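Peer 1: Going by UniProt numbering, the residue at position 30 of the sequence shown is 30; the numbering climbs one at a time, nothing skipped.
The hints are simulated quantities; they were obtained by calculation from the structure and are not laboratory data. Where hints are given, some of them may not hold.
[What the hints assert, rightly or not] Taking CB as the label site, the calculated pair distances span:
1. Asp5 / Ser54: 22 to 28 Å
2. Ile37 / Arg7: 31 to 37 Å
3. Asp5 / Glu26: 47 to 53 Å
None of the values given here were measured: they were computed from a predicted structure. No residue lacks a Cβ here, since even glycine has one placed at the ideal position from N, Cα and C.
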Amino acid sequence: MTTGDLRVEAVGAYAPRYRLTAAAVEETWGQFHGAGISETAVPAADEDALTMASDCLLYTSL
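Full structure from sequences and hints, please.
Peer 2: Dropping the structure here:
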């Protein structure tokens, strides 16, 4: 094993396109305890962590 310099080359972010409102959560579950939160991003049915990571890479310029 060799030692060398390790560094972060780039940082990217990806948020799913779809949004779920706090009102929809409260209507479905009967309660919502997210003070100050009006909506949240939710992944599509075919989006998992690997898909979101690859999309982040595709849309981030290095």
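Peer 1: Could you say whether the range 31 to 37 Å given as a hint is met by the Cβ separation of isoleucine 37 and arginine 7?
Peer 2: Holds, since isoleucine 37 and arginine 7 (Cβ atoms, about 35 Å apart) stay within the stated range.
Peer 1: The hint says 22 to 28 Å between aspartate 5 and serine 54; measuring C-beta to C-beta, is that right?
Peer 2: holds, 27 Å
Peer 1: Using the C-beta atoms of aspartate 5 and glutamate 26, is the stated range 47 to 53 Å upheld?
Peer 2: holds, 50 Å
Comparing the model with each numbered hint stated earlier shows that all of them hold.
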